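Those protein sequence lines, which keep their order, are chains S and B.
62 is the number that the UniProt record's numbering gives to position 62 of the first sequence; each next residue is one higher, with no gaps.
182 is the number that the UniProt record's numbering gives to position 182 of the second sequence; each next residue is one higher, with no gaps.
Because the hints were derived from the structure by calculation, they are not lab data.
Quick caveat: nothing in here was measured; it's all calculated off a predicted structure.
Check each hint, because a few of them may be wrong.
[As the list claims (entries may be wrong)] Label-pair ranges, simulated between beta-carbon atoms:
1) E152/S / T291/B: 29 to 39 Å
2) L304/B / E152/S: 23 to 33 Å
3) L223/S / G251/B: 22 to 32 Å
4) Y25/S / G238/B: 40 to 50 Å
5) L223/S / Q92/B: 31 to 41 Å
6) N201/S / S294/B: 14 to 24 Å
7) D192/S / K305/B: 28 to 38 Å
8) G251/B / D22/S: 27 to 37 Å
9) Q199/S / P130/B: 30 to 40 Å
In this text, a Cβ means the ideal position worked out from N, Cα and C, and glycines have one as well.
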Amino acid sequence: MDALLIDKHVKYIQSLGENTDDLMYHLTAHLRLNAIYWGLTALFIMGHPEALVKEDVIAFVMSCWDDDEGAFGAHPGHDAHVLPTLSSIQILVMYDEVERADKERLVSYLAARQNPSGSFSGDRWGETDTRFSYITLQALELLGRLDAIDKEKAVAHIRRCKNYDGGFGATEGAESHSGQVFVCTAALTILDRLDEIDQPNLAWWLAERQLPNGGLNGRPEKLEDVCYSFWVLSALSILHKLKWIDSDALIRFILSAQDPDGGGIADRPGDMVDVFHTVFGLCGLSLLGHPDVREINPIYCLPAEIAKKRGLHMNYQVLGKDEA
Amino acid sequence: MSHGVKRARESADVVAARREKERSKLNAYLELTDDVLARKRASAFTQESFDLTTKLLGLNPELYSIWNYRRLILLNGLFPNLSPEGIFTLLQSELNFTTGALKVHPKVYWIWNHRRWCLANVPPGPDGAPVEKSWKRQMWTRELFIDERMLEADARNFHAWNYRRNILASDPGLRTLQDELTYTKKKIEASFSNFSAWHQRSKVYTALWEEGSSAEDVRKVKDTEFEFVQQALYTDPGDQSAWLYHRWLIGNGEDLPVLKREIAAIEELLSVEPDSKWCLETLVHYKRLLTSRSHMDETELAALKKETNVMLEKLQGIDPKRRIRYQELGM
């Protein structure tokens with residue numbers, strides 16, 4: 001089995017901010033705050049939180065504040081949206097600096113995203129998606145203000161997005177997809193409503209995501225991809241069914257997708273790496289009990305020690321931990 | 001995020017040469033971005049600003065804030081000077097612009113969102129025209145056509161399927177549920193492993209039955225569906241898509257005679273394909289449904305448990321990745 005190249009991954013993440021004369025760097029500006037959150041989470045669970053300069057990161061986060069709307073945009077001058085807003089809050093929480101944000105305005109922005117049906121929009125333009133339900137719920141829990149929305153309606157909307165295979169889609173009527181399964185399962189955990197899940201059925205559907213090469217796919221009859229190591233495993237972890245897949249085969253698959261020279265993890269062996277697949281590959285290894293990775297809390301995709309300190313939900317499974 | 005792009009090791013020289021070549025492109029891009037963002041901050045809702053957003057989004061359709069700005073220009077700068085017909089024409093060109101973007105970037109959420117917004121803003125008209133001739137119908141008809149081209153390019157693109165459901169819900173007069181059954185059948189016949197189409201078919205039937213069908217009608221339809229799905233199961237017993245659909249048809253096994261008939265049919269397939277994981281897995285599931293649906297005495301229950309445990313044991317060997325699950329189910 002390949003070794004986990006921690007040092008190379010740390011250097012790879014550090015190097016991401018140095019490519020400012022690369023066109024690709026600028027074409028991904030809309031993902032910058034997400035990318036910093038992915039990179040920082042990866043560094044935390046690799047035991048190197050100091051690898052980025054804390055004050056620089058926080059200064060960048062604060063520069064993305066959209067004062068017209070009272071939430072964060074993806075980049076300075078970009079519009080507020082729940083996606084970069086959650087990333088910002090997560091970064092501030094990891095650094096224990098959440099007090100720097102204007103909590104009151106954030107809570108009213110986030111609460112205003114809930115629609116009368118119980119669904120959530122990503123911003124004022126109204127796209128709805130179960131991802132946005134999860135994002136808003138997590139952000140509000142991190143701010144200690146889950147009371148700001150109608151929880152019953154939030155649950156009812158997620159219930160309407162449930163399919164007969166036990167999985168969940170992005171909207172009512174949409175096909176089950178591992179990414180949406182993760183967000184709905186984690187959202188229901190935050191709402192203390194796991195009873196809404198058809199557990200044996202969903203865990204079976206998730207276990208069937210594993211392909212002969214050990215990798216996981218996102219939907220039936222699709223290709224494997226390292227990022228599903230987190231979407232599928234997080235849900236299996238919340239359902240305490242991680243053993244329903246072959247963890248050794250998946251660990252081998254994730255490790256084989258590393259770039260042995262430049263560091264980072266790709267979607268599949270031999271492909272270009274990026275920080276998104278790097279963090280979700282590492283999170284997968286964490287849940288499978290890889291000894292070199294610290295524990296991730298899959299409900300929030302935050303380092304476990306931080307979630308624990310803040311008294312967040314902690315009912316999930318990690319292989320090799322607390323087991324006879 | 002990059003998907004499916006092969007890794008190429010670039011030497012420092014190659015990187016430097018590439019960056020040199022890209023430099024003018026990069027500078028132009030940054031200059032344009034700064035210009036458009038400055039105009040956005042200044043709430044400049046002019047035609048000139050609109051044209052600059054066209055240029056910038058052509059280079060990078062992921063800039064959601066620029067799509068937002070573009071809509072603000074339309075609402076505040078361009079629509080107020082146009083007749084309803086002018087707005088209709090402008091929205092048509094807006095859709096043409098995003099069609100081009102979708103061909104290159106079929107999975108960018110913001111492009112699909114912009115289309116939805118355009119369609120929601122089609123004015124009523126032309127005056128006095130019947131529904132079939134309305135601008136709205138013209139637009140949605142074209143959307144359905146484009147959506148089908150997108151599903152031809154990638155039959156599993158969930159953006160295109162979600163958009164399709166949105167089209168059908170927004171203009172229910174466009175297609176009947178029966179038309180949609182024909183469409184899903186066509187997609188399934190083109191590829192039995194297209195689970196997205198099987199999924200859509202299950203949703204269409206659910207909607208149809210909710211409109212009001214007798215139990216007898218539902219049963220008849222399900223019988224033909226069972227025959228249809230059998231073809232897929234026999235074509236490739238290893239393809240999960242059809243098995244999932246079969247499971248949807250069975251549901252909780254409320255219809256006991258059908259459950260028994262289907263168990264017999266799968267047992268027949270198993271006799272041809274004795275190592276079929278999906279035959280065994282499905283039989284275990286259905287036989288367990290049988291115990292909850294019919295009144296069995298203890299001897300019958302014990303016999304059935306023994307039988308499913310033999311299958312679960314076999315599954316542990318055939319499908320070792322999920323060995324622990326089969327073990328747990330056998331307990």
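Quick check: which numbered hints come out false for this structure? 2, 8, 9
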